[in-house]
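Number of protein chains: 2
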Amino acid sequence: MDISNKTIERICRVFGVLNALGKSNIEFISSRDLAETTGTTDYSLRKDISSLGVTGYTRKGYNVGSLKEALGNKLALNKRRKACIVGLGRLGTALLDYEKFQEDGFEIVAGFDNSVNKLERIKTHIEVFADIYIREIIDKKGIELGIIAVPAEHAQDVADDLIDAGVKGILNFAPVKIIIPANIMYQDMDFTNALRMIAARLD
Amino acid sequence: MDISNKTIERICRVFGVLNALGKSNIEFISSRDLAETTGTTDYSLRKDISSLGVTGYTRKGYNVGSLKEALGNKLALNKRRKACIVGLGRLGTALLDYEKFQEDGFEIVAGFDNSVNKLERIKTHIEVFADIYIREIIDKKGIELGIIAVPAEHAQDVADDLIDAGVKGILNFAPVKIIIPANIMYQDMDFTNALRMIAARLD
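Quick mapping for you: the protein sequence lines, in order, are chains H and S.
According to our numbering, the first sequence is numbered sequentially starting from 151.
According to our numbering, the second sequence is numbered sequentially starting from 151.
The set of hints was computed from the structure by calculation and includes no laboratory data.
Keep in mind that a hint or two might mislead.
Remember, identical chains collapse to one label, so a pair may be satisfied in a single copy or spanning two.
As the list claims (entries may be wrong) - Straight-line Cα separation of at most 20 angstroms, SDA-like style, residue types lysine to any residue; simulated pairs: (1) K291 - S200; (2) K250 - M339; (3) K232 - D353; (4) K156 - Q337; (5) K291 - F178; (6) K250 - E219; (7) K197 - S154; (8) K229 - D353; (9) K224 - T342; (10) K290 - R230; (11) K268 - A170; (12) K173 - H304; (13) K197 - R240; (14) K224 - K318.
The whole structure should be built from the sequences, with the hints applied where relevant.
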């Protein structure tokens, strides 16, 4: 199935909203309300959903549980995925215990850092390892996703190690562009660029 | 000047790359290399730049310093902006000392939290305050940007307080959609959605 990145982005947001609604025991939502909550229009939302071959709009609106299930199946979002974090500075340790990941089906099962000192001082319930064990642990635990939180100058090396070790997707928090083979899924979180995009619209 | 969000996003990335190149004392860059580093095509890059009325492509490529200057002037990115962070949990404190912000012209001048206990324990060189002082400090220090790092259930209240206090832009790290008036610039950093977008492309 060939789905555009924009559609995937919107559907992922819809999935997140449905997840939250489900936890609040909300059973139905109108397409207009769902569109508004996800920052899109009624028309695009319906189009995105029907482009996945998902139906199920009733007079009461979409059934939250079954729409979530159907979209999740189409985009393999119902599967739990294991992830690791490399770089346990302030940002990395904050991410290590970021509860939202767990709630949404992403299980952080390991943290790595090159400083044994830092590893000894970290307080977390997640297992942490020296980064020389990246390959071994990724393999042993079946980790599919790697989250990079090292300084910019080490990000490319860490990405290469993670890919060698077999991860299929990378989320990069280091403020630098890294080169990733086309078969590896990649997203970056560039905080500074987000601030710039805000500033660019100011006087 | 009416510039699309997509163009602004790309130009902001270009600006970030030029900033980094400038620090490494690189004087010229070809449009192809610049496009590649920012993840776009040569054609779109030139189009984006010329849509701002900026010229200056020479046989040696773009002059890094003057292109940065020109784009920065067009999008008001050369101006230093003051920002504050509300919510000093793990993520908030990590952001408080995030050096990249400073390097790129964003100066974090205050942190806020509702827990006096937390404020006393925080180690940072940034001034921190109880959140009842948000309005006073924003006004006194001339803070234009607010960064939200509180739990999801408090994000909307904090956003309302920041806007009441006069910030013009908000960067939201809380994993929830918040409602913002149209005259306030807004970006969110949804980590979980980024992981979902990766997962959606996997088997």
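Here's how the hints hold up against the structure:
1. For the homomeric pair K291 and S200, neither the shortest alpha-carbon distance inside one copy (37 angstroms) nor that between copies (50 angstroms) is at most 20 angstroms.
2. In the homo-oligomer, the alpha carbons of K250 and M339 lie at most 20 angstroms apart both inside one protomer (16 angstroms) and across protomers (13 angstroms), since each shortest distance falls under that limit.
3. Taking identical chains as interchangeable, the C-alpha atoms of K232 and D353 lie at most 20 angstroms apart only when they sit on different chains, with a minimum of 14 angstroms there against 44 angstroms within one chain.
4. In the homo-oligomer, the alpha carbons of K156 and Q337 lie at most 20 angstroms apart both inside one protomer (13 angstroms) and across protomers (17 angstroms), since each shortest distance falls under that limit.
5. Neither within a single protomer nor between protomers do K291 and F178 lie at most 20 angstroms apart by alpha-carbon distance, with minima of 38 angstroms and 46 angstroms respectively.
6. For the identical chains of this complex, K250 and E219 are intra-copy neighbours only, at 19 angstroms inside a copy versus 40 angstroms across copies, given an alpha-carbon limit of 20 angstroms.
7. When the C-alpha separation of K197 and S154 is checked against a cutoff of 20 angstroms, the pair qualifies only within one copy, where the shortest distance is 13 angstroms, while the shortest distance between copies is 23 angstroms.
8. Taking the shortest alpha-carbon separations for K229 and D353, only the inter-copy value of 10 angstroms comes in at or below 20 angstroms, while the best intra-copy value is 45 angstroms.
9. In this assembly of identical chains, K224 and T342 lie within 20 angstroms of each other by CA distance solely across copies; the values are 18 angstroms between and 33 angstroms within a copy.
10. For the homomeric pair K290 and R230, the shortest alpha-carbon distance inside one copy (17 angstroms) is at most 20 angstroms, but the shortest distance between copies (48 angstroms) is not.
11. For the homomeric pair K268 and A170, neither the shortest alpha-carbon distance inside one copy (35 angstroms) nor that between copies (29 angstroms) is at most 20 angstroms.
12. In this homomeric assembly, K173 and H304 come within 20 angstroms of each other (Cα to Cα) only across copies, at 18 angstroms, whereas the closest approach inside a single copy is 39 angstroms.
13. Taking the shortest Cα distances, K197 and R240 never come within 20 angstroms of each other, neither inside one copy (41 angstroms) nor across copies (39 angstroms).
14. When the C-alpha separation of K224 and K318 is checked against a cutoff of 20 angstroms, the pair qualifies only within one copy, where the shortest distance is 18 angstroms, while the shortest distance between copies is 39 angstroms.
The structure is inconsistent with the numbered hints 1, 5, 11 and 13, although it conforms to all the rest.
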